[in-house]
Amino acid sequence: MSEDTAQATELDPGVPILAMTQIAKHYGSSIALQDVDAHIHAGEVLCVLGDNGAGKSTFIKIIAGAHQQTEGTLAVYGHNRRFASPRDALDAGIATVYQDLAVVPLMSVWRNFFLGSEITRGWGPFRRLDVAAMKRIAKDELKKMGIDLRDVDQPIGTLSGGERQSVAIARSVYFGAKLVILDEPTSALGVKQAGVVLRYIAQARDAGLGVIFITHNPHHAYPVGDRFLILNRGKSLGLHEKADISIAELTALMSGGAELASLAHELERAST
Amino acid sequence: MTRTTPAFFANVRQLTEGKSAREVATALLVRNAMVLILLVVICYFAYRSARFATLDNVTTILIAAAPFALIALGQTLVILTGGIDLSVGSVIAVSAMSAAWTAVRVPDQLWLAPVVATGVGLLAGAVNGLLVSRFSVPPFVATLGMLTAASGFAYAIGNGAPINGVPDGYGAFANTEVLGMKIPVLLMIVGFITFWFVLRHTTFGLRIYAIGGNSSAASLAGVPTERTRVWVYLISGGLAGVSGLMISSRVISGSPTLGQGYELDAIAAVVIGGASLFGGRGTVWGTLLGLMLIQTLNNGLQILVIPPYWQAVIKGALIAAAVAIDVWATRRTRS
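Chains A and B, in that order, give the protein sequences.
Under our numbering, read the first sequence as residues 1 to 272, first letter to last.
Under our numbering, read the second sequence as residues 1001 to 1335, first letter to last.
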């Protein structure tokens, strides 16, 4: 639910789309995320890097409204928000594309495209799906992304991984997302397909969207990213502007973080 | 696949494009294996008994099918979401007993009977739905609990005995003819058309498929999964209530054993129709075929005067064989 219902000042470019301060998430007594700061403006790509279990998915679930933060504030266009459900986040213009949860594989491409925001016509009990319009829009929107499908009636499970991701991105852009979160969009893809997805990220950024790109591959992140948040075991290893960090430093920070973690682990064992 | 059009007419254009008549015929036959199986069964009974293929007997089949049709339609929705409703048989019993009890208590206010029957069914469905969605109880367990509890209530209403002495007017619900059809048959036809429309052409229908196909994706896309699930169980329960009224009106009495085991025939009809018990796959057309196969077997085996225990054996074996052939045929079209 919104804690501040005032109209968002979307037109002021100085105000970040999303700003998170001192975000923490506890699951019972275990701490999944602690003291994380991050922000992103329109037309920027924020990369969130980290190894498995670093807290990346907890981080995005809080932004996407699937979980609520235990501590800290989350501001959309300068207004403090707390999302009670994915619907809340969507209404605030934040769309999330999950790597494996994004689609219903058995359903057709157009049904997936409009799932949750279907177009209907008619009135009362005669309200029915406007199938023709939805098929046409889905086909056109996908074409804009460079995916030319002969038949949007085919099950989305028959598309390639890169195409599925792109359908999901096209979908969120069409529904007016201001901020798109991509959860590991390239990790399950081959080199060529990953390139396709990176190009869509750049396209979305150039169209004025904010993109949060989650990955554990610095070589995918560096070329498109404007800002990098590195997570390690639930803690932030800092938020770095692209100007302040080289790809070598980024890679070193990620692996250095891992070394530090294993060192801490060894010390723990020595003391007991 | 999410085709929800009658399979017989679906994709005819795709099938016929650039193919010989023979290839088209084979494709149609293989795609509609269950239609063929039903036709073979019908032809066999018609051949064996002159009484089978008469208008009177068709009417008998339809009247017998009607109460099953309603719970099979409810079951279709539930199974499409990946759930199951085991309680419908017992809900039929408790609704029938409640309606008969009401009719005996207030014989001059018979309109109360359908209200009570439907209300009791909706109440049971609401409890199922809340248990499944809000309290995350697995549907099998939640509705198994309801099966037991509703059956207990059904016995409690009559202190363990059936309810007799129901006013004759009570029989009107099942026996009045409207548009040349008895009310239950009319309800069945309206039900099939309505459910076909809902699943194929409405947001609610699309979301039911989405929940069964990938519940988390649906939820993340903003589909109110909990509310939709509650509705689905509510509808299943309500239809069981109506079904209970029709059955007890037909025999102008209430008995706590009415509807016993009906849930299995309803589930069988849906599954014979090609629905997946994991959800997301199934059609109203398929349920109609499944229902008709079961009802035709019931009727035909009866007409051939086959002893009841052998009827059960034959019916069970044929249902399993029919599904095996259908699955085999479907797999052949895909490869």
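In short, the hints are calculated from the structure, not lab data.
Keep in mind that the hints are not guaranteed to be accurate.
[Said to hold, decoys possible] Distance ranges between label pairs, derived from CB positions: (1) B/CYS1043 to A/ARG121: 41 to 49 Å; (2) A/TYR27 to B/THR1026: 37 to 45 Å; (3) B/LEU1179 to A/SER160: 50 to 58 Å; (4) A/ARG136 to B/LEU1318: 58 to 66 Å; (5) B/TYR1047 to A/ARG121: 47 to 55 Å.
[Claimed, not checked] Only part of the chain B face toward chain A is listed, based on derived beta-carbon distances under 7 Å: (6) PRO1138; (7) HIS1201; (8) THR1203; (9) ALA1210; (10) GLY1213; (11) LEU1220; (12) GLY1280; (13) ARG1281.
Built from N, CA and C at the ideal position, the CB exists for glycine as well.
Hint check results:
Checking the proposed 41 to 49 Å range against B/CYS1043 and A/ARG121 shows it holds: the Cβ atoms sit about 44 Å from each other. The supplied range of 37 to 45 Å is broken by A/TYR27 and B/THR1026, whose beta-carbon atoms lie about 56 Å from each other. Distance hint check: the CB atoms of B/LEU1179 and A/SER160 are about 53 Å apart, consistent with the given range 50 to 58 Å. A hinted range of 58 to 66 Å is violated for the C-beta pair A/ARG136 and B/LEU1318, which are about 45 Å apart.
Taking the beta carbon of each, B/TYR1047 and A/ARG121 are about 49 Å apart, inside 47 to 55 Å as hinted. Proximity of B/PRO1138 to chain A is violated relative to the hint, the smallest CB-CB distance being about 21 Å (cut-off 7 Å). For the restraint placing B/HIS1201 at the interface with chain A, the shortest Cβ-Cβ distance is roughly 4 Å, inside the 7 Å limit, so the hint holds. With a least beta-carbon distance of about 5 Å to chain A, the hint placing B/THR1203 at the interface is held under the 7 Å criterion.
About 5 Å separates the beta-carbon of B/ALA1210 from the nearest beta-carbon of chain A, less than 7 Å, and the hint is met. Restraint check, B/GLY1213 versus chain A: the minimum CB separation of about 4 Å is within 7 Å; hint holds. Among the interface hints, the one on B/LEU1220 holds; its C-beta lies about 5 Å from the nearest C-beta in chain A, closer than the 7 Å criterion. The interface hint given for B/GLY1280 holds, since its Cβ lies 5 Å from the closest Cβ of chain A, which is under the 7 Å cut-off.
Checking B/ARG1281 against chain A: minimum C-beta separation of about 6 Å stays under 7 Å; hint holds.
Against the hints set out earlier in the document, violations occur for numbers 2, 4 and 6.
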